[in-house]
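Asks: So the sequence shown is residues 1 to 337, counted in our numbering.
Keep in mind the hints are simulated off the structure, nothing from the lab. For clarity, every value in this text was computed on a predicted model and none was experimentally measured. One thing to keep in mind: the hints can contain errors.
[Unchecked claim] Heads up, simulated DSS-like pairs for lysine-lysine below, C-alpha to C-alpha not over 30 Å straight-line:
id, residue 1, residue 2
1, K118, K145
2, K308, K145
3, K79, K205
4, K118, K79
[As the list claims (entries may be wrong)] Pair by pair, the computed Cβ-Cβ distance ranges are:
id, residue 1, residue 2, range
5, P30, R208, 39 to 49 Å
6, K284, D206, 22 to 32 Å
7, A119, G162, 47 to 57 Å
8, E263, A76, 16 to 26 Å
9, P185, G162, 27 to 37 Å
10, D310, R244, 20 to 30 Å
Backbone N, C-alpha and C define an ideal beta-carbon position, used for all residues, glycine too.
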Amino acid sequence: MSNHFTGLSLGPPLGDQRLDLCDLYAFQAPGDPTRTVIILNANPNADALHPDAIYRVNIDNDGDALTDIAVSYVFAPPKDGRQTFSVFVARGEQARSPEAVGEQVVTDAEVSFGPQAKAVRAGSATFFAGARSDAFFFDFDGIQKLYDTSGGRNFTAPHLGGDSPWTGVDSNVSANVFSTVMELPTADLGADPDIRIWGRCSVRKDGRLEHVDRAGHPSVSSFFNTDETKVEYNASEPVHDRERWTDQFVHLMGHTGDYSREEAIAAIDAEGLLPDMLTYDPSKPARYPNGRVFTDDVINHRLAFLSKGDIPPTGLSPHTDTLTVFPYLGNPHPAAD
């Protein structure tokens, strides 16, 4: 659930799992401190991605919450169980176009649906797209026990005190996800000293692109949105986040952790939660909220943040099937019988 669903209805954008952005990771490449890995996961069904969609990693390297580097993945229509992808890299003003523009650095590369990860070299960068084991771990049944969602209250009324809600069962232990992975020289990102990263999924409808999902800080969209606001939130841009969403975040935190307005804003600012972009300073070890690695327990982090530490940890452990080599996420689990 990091971003595996948005709002109380628990559904994907437009009811289409292919358009659902799940998780965003950024960390130093194992074994090479001069390179950075950025992973954007989508589609928890781990099947083909939408051929009319653009899956994009946006990078702001000067602190103005506008995109300075855009890496866009586009996918051909699937055929006979296979699919190909292309990658475009745009910089500067061109990066702010919603279209897949810029230099086409990968053309019609093979998507990996089996255990063999087909890496694609493009100059000094390496790319991958395909099914992988999902590294995100969480206790979904426990989340549902923790929150009282009756009457459409969304995730605003946790049951604090009494018996622990946690089941001890990792709902994602055998789950797969569709991953887009890139590894490139950190110097190419222009971090000074950090960058801010966010994911976007847009789909073409009636001749125009509709922004249907976004990913920045883990579990923010899931916990902070309602069914009434999630469509607007997913379509909005980070540069407008503080003006548009601060009041909603403050209101929710008043319910979940008895925050005063001043306390809530201070907590939001301390974590850099708005604008909703993942901050990464590559000169420091990656650990959320500085980037994100597979071992980060982002659900415990977010629940502690929302409740001022009143919600006990889930007790789950990170997945152990991740790799130390590209594309770093583990091989996909076999399909269930």
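Asks: For every hint, state whether the structure bears it out.
Replies: Do the hints match the structure? See the list:
1. K118 to K145: Since the Cα atoms of K118 and K145 sit roughly 41 Å apart, the hinted pair is violated (cutoff 30 Å).
2. K308 to K145: Holds, because 19 Å separates the two Cα atoms, which is no more than 30 Å.
3. K79 to K205: holds, 22 Å
4. K118 to K79: holds, 18 Å
5. P30 to R208: 39 to 49 Å: Taking Cβ atoms as reference, P30 and R208 lie about 41 Å apart, which means the hint holds.
6. K284 to D206: 22 to 32 Å: violated, 45 Å
7. A119 to G162: 47 to 57 Å: This hint holds: roughly 50 Å between Cβ atoms.
8. E263 to A76: 16 to 26 Å: violated, 50 Å
9. P185 to G162: 27 to 37 Å: Check failed, 52 Å falls outside 27 to 37 Å.
10. D310 to R244: 20 to 30 Å: holds, 28 Å
Checked against the numbered hints above, the structure breaks hints 1, 6, 8, 9 and satisfies the rest.
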